[in-house]
Amino acid sequence: MNLKKKLKKYTEVISIAQNELFASPSNYIARLFIHALRISVFGIIYSFVFNESGKTTIDGFTAVNAVWSLALVQIIYQCSRNTFTQIKDEILSGQIETKLNKPYSFIVFSFLDAIGQAPAKFLGFAAVTIAVLITFFGVPDFSIIQLVGFLPLFILGLILQTLNLQLIALSAFWIENPDPVFWITSKLTWIVNGTFVPLAILPIAFRTVSDSFPLSAPFFMGRIFEINSISDLGKFLLIQLVWIMIIMFFIRIAYRKGITKVSINGG
Amino acid sequence: MEQIVVSKLTKVFETKIKSKDAKGFFGNLKTEKREIVAVDNISFTVNKGETLAFIGPNGAGKSTTIKMLTGILYPTSGSASIIGINPWQERQKLAFRIGTVFGQKSQLSFHLPAEDSFRLFARIYELEDTEYKKRLGELIEIFNIEEYLKQPLRKLSLGQRMRCEIVASLLHNPEIIFLDEPTIGLDVVAKRDLRDVLRNINKEWNTTIFLTSHDTGDIEALCKRTIIINHGKMIYDDKTLNLKRKYITVKRLYIRFEEKIDDFKMDDVTVLVQGRYGVSLEVNTTKRNIRSVLEEIIKKYSIVDINVEDPSLEEIISNIYEQD
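Protein chains in written order, with the numbering used here: chain A, 1 to 267; chain B, 1 to 324.
Chain B extracted, bound-state conformation (with noise of 0.2 Å):
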């Protein structure tokens, strides 16, 4: 069942800039108009319980279509249909089914407790006094935030902040959730942690969700499919796994020999490092198989030990953004 459904999406933003032919005191005053195509022309589908990655470089139009698609800004052209929404001309009856997390921006309020945040945002959703008490309780204990829910929202470190902010969209039970670096900034536990509960959150509660983010961790531990998006058009919309298959292009092998080797060489294998007992190496498997890298190495010397890597997601992701 299809959830969103987005057609020829389109956002030009238009910005003044200081006028080239400005000179002097005045011609500071001078300005020229200039458009900035934030979105261009994007279409794609997601299906209920779906967990889509939506990541490009900064810039690349990811956090513009996010606040299209929850009817925060209204698009140039095109069209989209949330849960059969259009979000920007009935926003508030999409914001009840809808969850939006801005890593950058806190929903909660500062100064206050998150508890009396929640009991807000209860009565903002029009959840009776029953339904939130039960849904709080089970979002407590999901994502283990009992101890600091009396305290203000200052007080709490990051990672406890953001789990907060998920708690107090997930309240009303959304059928999609919206996250724009959920991560940002978080130590590497608070990361896995916060992965974990949006993990089980899609498991159980079968909540569609739609993440960007810079942290390739993210993408792997979370999204089955990926879209890729910069300079605002889609180059990429696959599973996260073709991901590395359509684009690994280099395997490296890193070589550890018995005796000592001055100068290794060998045809279309490119060495990284070169030691004194070992090598790293990477072989473009677009010109040269592995496997007959690896056969002539064997042969050649006498090997202690051996690693085969694929590249990380995150170089991945880099390379295919300068591609493009």
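One chain only, chain A, in its complex shape (with noise of 0.2 Å):
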């Protein structure tokens, strides 16, 4: 009875964070209309660059995979947006204090107030990425075990990077300005998890600390052409369950000791 009110709550955490999204419907077409103009650049450029190298494959890879791997990656980034903002906010603003006195865990709160809004997304910005692919750049050659891995890698990778968001926005619990921490990390993220440049196409050891980095295992599902067995699957799958351990270890205790450091003004 009890397990079953608990869900009930944070259901309707998710539910309601799923209305919010559609009180602007305007904001979010707009997103999708930006996200379509951005792959489609980055279709350009891609197709433009493997014409202009008179190849069709790099290490077996071609624009359309590239492409396509780019235009994954930023699904993860448009489902996730917000979430640093959102905490870090609400613990330097003071607003944490309608959270704290509610009956519920503030991490798990915010995590799924966070997360709420992903499926929709998720279908938006999925259905217009994959419009926007088919039309103009191709269908790449999917295996069984590509397709069957995509969902898993995204519901985990978005998992993680909400997460990934969360530990970094709690350092306002110390810190009286997180955006430098925040700023440095994405741009490290760029960098290690082929948000520009496709990884399949970078040398292996690049890959390899790639594969070991926290900040860019949430966007496994951009090397879904790296996988062709299930024994690939089931790496990059649990890299993802070790990262999560990992990170909600440390939020965890980030909150535990932040918590006690919440310093609101008065009137």
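Because the hints were derived from the structure by calculation, they are not lab data.
Treat the hints loosely; a few may be bogus.
[What the hints assert, rightly or not] Away from chain A, derived, C-beta distances all over 10 Å, residues of chain B: (1) Arg123; (2) Glu146; (3) Asp262.
[Said to hold, decoys possible] Which bits of chain B does chain A cover? Going by a derived footprint, with three or more residues having C-beta under 8 Å, they are: (4) 1-11; (5) 100-111; (6) 218-232.
All values reported here derive from a predicted model rather than from experimental measurement.
Every residue, glycine too, gets a C-beta built ideally from N, C-alpha and C.
Put the two chains together into one complex; each comes in its own frame, and the hints tell you how they fit.
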């Protein structure tokens, strides 16, 4: 009974988060449009690069693979937008006080609040991505294992990315402005996760480093073309799971320590 | 029955300030730690069903105290028990039994109708659907919010929004409601209405009200007991009525004369305003009895009208702040 009530509580958080997304549909539609534009630009650049080099593949990777790879990474980005800013602002502005006086775990609430919009965002961004890529750049040859691996890689990746951002945002308990921390880590993420250059066309040594980096693990979905067997998929999913556990552990510690440092100005 | 028991509660904030001997560009990076005692060793108890005003000037420590009592802030030392629960050790358990309203911060979703936020709150407080619907129905009636329940919060006036905030904090039928400046920014009508409903809630459901406010109107209308805090220390804890009795040391007289009076003078009486046919006077009652002043005036002058007034609660409280 108690578990049922708790489940209802946290599913309602997700439901409210989704309602909030659709409270301003124009904003959502504008983001979809910008996303379509962004992946189109990426597509054009990579098609041009491949054409100019006179090669149809780089390390077995085609221009279409490259474009799809980059676009899939972008979906994770779009689905986890605002997580850092929202949590950081709540801590710094003192808005956290309206959360701390409620009978729920603040870290669970803020995680679900952040991830709650993901299903609706995913549907929109995935639909736009697929439509743009199929229309203008074609469809790569997906193997069965790649198609099967797509969803679990996305789900675990999104969970991990949200947790990473949550952990960075919790640094607001200690430092007055965690924006530089976020800025540095997000730029580092761009380098190691294949936001601009698909990792599949980079040297193997770089990919190995990237494999064991918590900032790149959320974006394994972009490396879908490297998955050729169950064990490849299993390796990626296992890395994501391990990082989820580790980051959750750090979030718990950071929250426990940080909550004693909350300082909110009064009237 | 004691619901709130606070003993020697202290909160010290640590803050960084620019170092005194900081010079040049790199000097700006030099900081010193400074301790600010926001709440200093305060103790008090509150009984079930009491209406308590917890007041003080800006920075006195009111909000810090409320936040410690609701489990949001951890104290530096001291203890507190709210309905037998330690707020900062069992925050979630306590949250089921208290309600909080922060006048300067909204707990409702800005873009969604209040109805959606209420549903979320019902789930958060683990209310059964029937229980929630019944309670919401009662609150809608008391607070008269039916017509704007389905409008996004951002489209409501401040007064309407504050009503929704209070409804949200009462959904789970809390035993105590902590209100931190609930009438801030409201117009006189909205303030009056809000005070009326809070008074009714206290009367009907025996909900303990713990209120901080800068508005003496709130205190007079709602609270039978007042605690004044200044510089983190408690300087007054008694009935609100006694606040006037204890601290009123002056009376104001407004007199209109039949004939023209140019230069009104009287021993131990201060002339505040000298008019051609009237004066405003202030009598220090510790020095001179008001009766003797009135007798002397009636004897000496021909009076058309006379008014005797106490200073407002606001003036009394501001005098207490200044004296402390």
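Point to revise | Hints not upheld, ascending by number | key: 1, 4, 6
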